[in-house]
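These protein sequences, in sequence, are chains A and B. First residue of the first sequence? That's 1 in my numbering, and the numbers climb one at a time after it. First residue of the second sequence? That's 1001 in my numbering, and the numbers climb one at a time after it.
Check each hint, because a few of them may be wrong.
To be verified - Here are the simulated BS3-like cross-link-like pairs (lysine-lysine), alpha carbons at most 30 Å apart as the crow flies:
(1) B:K1093 x B:K1012
(2) A:K287 x A:K241
(3) A:K217 x A:K207
(4) A:K357 x B:K1127
(5) A:K45 x A:K241
(6) A:K218 x B:K1141
(7) B:K1018 x A:K308
(8) A:K334 x B:K1102
(9) A:K332 x B:K1022
(10) A:K218 x B:K1102
(11) B:K1044 x A:K241
(12) A:K59 x A:K357
(13) B:K1091 x B:K1102
(14) A:K59 x B:K1022
(15) A:K217 x A:K180
Hints listed in this document are in silico derivations from the structure and should not be mistaken for laboratory results.
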Amino acid sequence: MRPENYQAVQLGDSNEYEIFIGPNHPGIEGNYAFRLLLDGDTIVKGTADAGYLHRGFEKLMEGRLWIQNLALVPRICVPDPAPMEVVYSMAVEEIMGIEAPRRAQWIRVMQLELSRVAAHLFTFGGHAATTGMYTPMFWGVADRDLVLDLFEEFTGGRVYSIYNIPGGVRRELPDGFLQKLSHLLDYLESRQNDYDNLLFTNQVFVKRAKNTGTLSKKDALELGVTGPNLRACGLEFDIRKNDPYLVYDELDFEIPTQQHGDAYSRILVRRDELFQSIKILRQVIEKLPSIDGPIRTTIPNPLSWNVKTGEAYARVESSKGELAYYVVSNGKDKPYRVHVRGPSSMHAVQTLEHLAKGARLEDVAQIMFSLDACPPEVDR
Amino acid sequence: MNKHKSIDEILKKVNDVKILHKRERRIRVDVAADSLTTVLELLKGQASFVHLSAISCVDWIDDGEFELVYHVWSYEENCLVSVHTRIDREKAKFVSVYDLYKPADFFERDIYEMYGVFFIGSPRMEKFILTEWHGIPPMLKDFDSESYVQNTFNWTEYNPDWLQELEQQGGGIAIKPEEIRLSGELHNMSTHRERDKKKKQDNVKGWKS
């Protein structure tokens, strides 16, 4: 809502007052407002206010060719764009009844995991910054930049790679790329102690994060929470394991969980996931050279491509949770309907409102960032 | 191994249910609108489908219907069931499933805003994303973004001297202002289809030349 259209609430004799947080504030990776009703510094009620990043992607996609939409979808979530293009491609492939070649599937796994590493590094930094610790923020952004350098090298784009197409990936890996990736993984592992000392075991951070924004397992399931936020409540569930896609069923990795469901558990789950992603990437480095074959199947001319009538619901585990696309085709050269189910649409609205109740004003930013919500997924 | 009875067995008592096993872990269920809540209740209560992944709405304007798709997931069965139902496009009213699934709050509000389908019993049937929007729900197929833009905003041609000089030398903007998609000729055509057809013809010409 635009500020000039907002009518202040008259609260009569009560001690309660209203505060508008956002749309620009440290608690979130985009523009997203949160309206608070406070009594002292305790929150009585929080109301999410979205719409600042609405660009009408779903409508735009209905007016563009199947192949053109690949340039649109990554923009729905800036910190973690790779899963968007992969899940869109998977949905179209399912409707078409084609399958990406094995080599393309391995490359996609590499892209997804690299994106997850980048997104988690970004979240560590952001979460730390909401508690007043700015060094991890700079570290996180700087280390993420190294991952982006790799993205630039193998896809051509630092943030939005637009690397996938239905039926495979666009380009072969450049020479010596896997060696560079291996160096980066060595470097990230060598940073583990630094991050642990400065952030994950630092009492300044731990005391702020523990018991903040606690979510019980029951509430998490009721509110449709997914991804790391759900695993922080103790449920061992990961779409990569339980609804496997690409070649995840051939990979060896664990699902990290925590029991308390508070902000600290959530960041610990992300920390452990980062190292599981590194483990997966090591397996990719080992296996990818031995997998020969094409990187994409033959598809019709993309400029006059009529995808056959059908519908598909494809989902992947993004760094934020369950990301799904419902795609409907009526046999034309453009999608009839694309519905984007972003994980943040559950986390940033109902879950956030639920957690804010009874919390203190100074913790709001931290609760928001610990949920790792991405507002454009809500607005689309 | 399945801990619960199979979906076919659970849903066999409901009238007019079509069950399609699309592939591993994906089941499509087609059901009449008045049996939808029964199906979801059975799925949640007897087969542990506790997670509402999404509610999708599709506007089938030629059939005069909205299709509502409820995607539910079971953490125990590891299976996704998509329950499809169709409602009348003119009435555009349906019953909320908020009592069964709390995330329905978000999805139903989104559909109300984007398609104008009113969900009876949903807690927050109000504007959320498009608070300043007063037109028809924009995701409807009869809402044409292009003519809305044409009627709402004033377009000015951007053709400064320095750009003209560049263009004389063969550089500058590749598409001339009169050739861009919002040209007068396209705007005068009444339906989307006519415009699409015209654009396609232009495209073909472009490719050939």
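**Study point:** Broken hints, by number
**Key:** Result: hints 5, 6, 8, 12 and 15 break, sorted rising.
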